[in-house]
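Q: Each chain, written out:
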Amino acid sequence: MKKNMTFHKKKVWVVFLMCAGMLLGLMGRLVWLMGFRSDHYYEKAEELHERERDIKAARGRILDANGKVLADNKTVCTVSVIHSQIKEPEKVIRLLSAELGISEENIRKKVEKISSIERIRTNVDKETGDIIRRAGLEGVKVDEDYKRYYPYDTLASRVLGFTGGDNQGIIGLEVEYEDVLSGTPGKILTTTDARGVEIDEIGESRMEPEKGDDLRLSLDISIQEFVQQAALKVMEEKQAERVSVLLMNPQNGEIYACVNVPEFNLNDPFVLNTGEDVSSMNTQKAQERLNQMWRNPCLNDTYEPGSTFKIITMAAGLQEGVVSLEDHFYCPGYKLVDDRRIHCANRRGHGSQNFVEGAQNSCNPVFIEVGLRLGVQKYYQYFRQFGLMEKTGIDLPGEAGTIMHKMENMGNVELATVAFGQSFQITPIQLAATVSSLINGGNRVTPHFGVAVQSEDGNSVKELLYSSKTGIVSEDVSKKVRDILETVVSQGSGRNASVPGYSIGGKTATSQTLPRSANRYISSFLGFAPADEPRMLALCIIHDPKGIYYGGTIAAPVVRSIFENVLPYLGIKKTAVKTREDNS
Amino acid sequence: MKKSIRERTGKQDVLLLILVLFLTAFGLVILYSVSSYNGSVRFHDAAYYLKKQLFATALGLGVMYAASRIDYHAMVALAPAVYLVSILLSIAVLLVGKEINGSKRWLALGPFSFQPSEFSKLAVILFLAWQIDRSRKKTSGFWFMCRTMATLLPIVGLVGSNNLSTAVIILGIGVVLIFVSSPGYVQFIGMGTAGIGFVAVFLAAESYRLERLAIWRNPEKYEKGFQTIQGLYAIGSGGLFGRGFGSSLQKLGFVPEAQNDMIYSIICEELGLVGAAALIFVFGMLLWRLSVISMHSRDLQGTLICAGIMAHMAIQVILNISVVTNTIPNTGITLPFISYGGTSVMFLLAEMGMALSVSCHRKTELAYDK
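Chains as they are written, first to last, in our numbering: chain Z, 1 to 584; chain H, 1 to 370.
Just to be clear, a hint being listed does not mean it is correct.
Quick list of in silico lysine-lysine cross-link-like pairs, DSBU-like style, CA-CA up to 35 Å [unchecked claim]:
| # | chain 1 | residue 1 | chain 2 | residue 2 |
| --- | --- | --- | --- | --- |
| 1 | Z | Lys9 | H | Lys224 |
| 2 | Z | Lys113 | H | Lys224 |
| 3 | Z | Lys74 | Z | Lys187 |
| 4 | H | Lys11 | Z | Lys10 |
These are computed hints drawn from the structure, not numbers from a lab.
Pulled out of the complex, with its shape left as it was, chain Z reads as follows:
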């Protein structure tokens, strides 16, 4: 038997010290992992353990100028089944089939499918959901949810827009103000084990959803309703294809009404307003038709404005000083431009007239002459200065741009046609915004619907601001334009728009759509009141009317009936005394 020697002990001690050193090193490693890297790993682990379920936030409402609710939420239910919890599958299948009107076969498929949760139907009425919940069958889950609801069905359908299955905006203001309206979804965080089973002791943490803000519009439901009636009436009378009417405040760009009849039902946006059945079409065609129906012709489509555009030529000519109110013109019924003979609407000619009379007569040769006096370069410069080359910036999606000749391709003939509103295209909202700016003293305003974003109780209000650009024409020219257009209504082609007691300015237009051979017309009227200080501008556009198609004959009366009712509604007083004096 050997004795242990000193070196044995020394070596044991060396081994121990080496081990102790390594253990210290491992402690250092732990300090690194659990001290410095702790947050990183903790977060990663949380991600792994936590299951997140979204709680939908209630969408903000859309209110009209007087606080009436145009878009609201209603409670609906989502019915789902959880395979592992179902005890009486036959009962479940029968109940769901009966209450939801789905065939037993389809429900059986979902009930018998082995999955964690299977959704049977969304957007179930609250009453139906309550019935199903009260039946108390295990494994059937009824979750409450919000669905967008539009109390006025068709009213301002293309303006308001609608939302899709996840409550996100699809068209209209619902899209434009998505961020405002949508709110912040809440979360239910539950901790689960590796199999995904929730751990009850830890419980769940909830982050409550934040309701979206309400959006207040300048649109007034009473005005909108009245205007829609007027538009429907003329559409029926003239068997027109469609009628659009825009009503706005030319001073600040607030839009009071935007009607495009036929409208469609916002609570049923996937049903065509023509009565055709979408389900009988193939998907592509159906989608095309729906997209077409959802378009807002006031800003998604362009048209040839025709004579209403003479207001622009008028303002440009007056501002540049190439024409004065007293300038004399002679209309033989046409005008030769280069080697082209361009006809006046009145083929027999208006004869001798001054500029104001030319405007009253809506005489093409007069405005061709003004256009030619300006020349291509100057005309183009004003076109740009008035903001016609840019979009108006209206708070709706998909605004179409102006379709205009390139300046280098513009000869005198093109210039002549542009001068009286043909051979180029703009949107109706562009025309309304531009004329607003010309008659309000030269301030280019941004047409808009949204006025303020506010909390549900109305306590916190954030007014929405829009840009405007001053000085696009001088105050003096603006006044002259107003005066001329006032005489167009009081004495000229716009006579049918006059309302006793109010001074009204306006301009008629009748344009033929392309191809010209189809003999389809767009008749329109642009009016504003009171003429000396406009507080309302109306643009009525009738597409493809049958029979008489002159704007002064069919569109002006629509605007008159609107003014007759809406001006007093907005508290704009009659200037009765002055009118009587004029008449006497």
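Add chain H to chain Z, keeping to what the hints say.
A: Just chain H now, kept in the frame of chain Z:
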């Protein structure tokens, strides 16, 4: 005089006993906390693993008591037989072993299963102590080293065929005991260098071993790094003071087989840096007591037995914690006293009994021994 050697002339090392009992109890409590989820998911019994471990521990405590009463010289005398038995058992595993989790490491004994590789560690410690003590020639030469290591080859080969990690531990015990028993240092530096070269060749020979290295460097990028990553999540999310005892989330199926090799990561998660470092400290204390007993032993046999036990403990603790903290590439080594494994805890307690037996015979006896 001969008689006095046979007598229990010293006192048992009480501190060692306390440390061992503490680790055993702590291990059982932690094992219950960690394994209750897996137990209830798989066997509908949260205490499934605890019960099995409790049985083995009770058995082990009995063995420890017995071993501490027996003079270790008697055990060393039996070493060749013990070594032979361990070789036979390892052969038996190869032939009639029971496969659990894809590894053939167990011998079924009725309702119990027994892992011979755990026994072989103890056998190797005793066998080496016997062999080195017996060697007449000087124990410093290269020949001595090679010859001693060669005697280990049968068991290393047998165990290594299905349990590489245990084979590495056995080799490690061998190296430590040879180191302790020869006076020089220089040849061990050469041996260390040779060992590193051998490991490099060993790794390069098989691409899957290199893959392990790649996983070690970037565990998040590999599917096989899953266990490592889950362990790191557990460790990291423990922070300074941990989630609190029993509150680990990673043990809920995220760390696979959390009650086995990765149990230390759950300790980190539940008890935090403070608890985890304290456990390392307790293991350090244990190693210290073992080294003190080894140094104070009155003869070489006792010194070697304790040094072997210390080496065994140290290698397993260090390798296990290194693997769990992703300090070294993954290899399956359990944490002594804490990881689930009945055979392991039984033989560990037996080894502790041996160490206690050595501690009974203190150096103070040397005075009249001479």
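Q: Would you mind marking each hint as holding or not holding in the structure?
A: These are the hints, each one checked on the structure:
1. Z:Lys9 to H:Lys224: violated, 43 Å
2. Z:Lys113 to H:Lys224: holds, 32 Å
3. Z:Lys74 to Z:Lys187: Holds, at about 21 Å.
4. H:Lys11 to Z:Lys10: Holds, because 23 Å separates the two Cα atoms, which is no more than 35 Å.
Violated hint: 1 only; the structure is consistent with all others.
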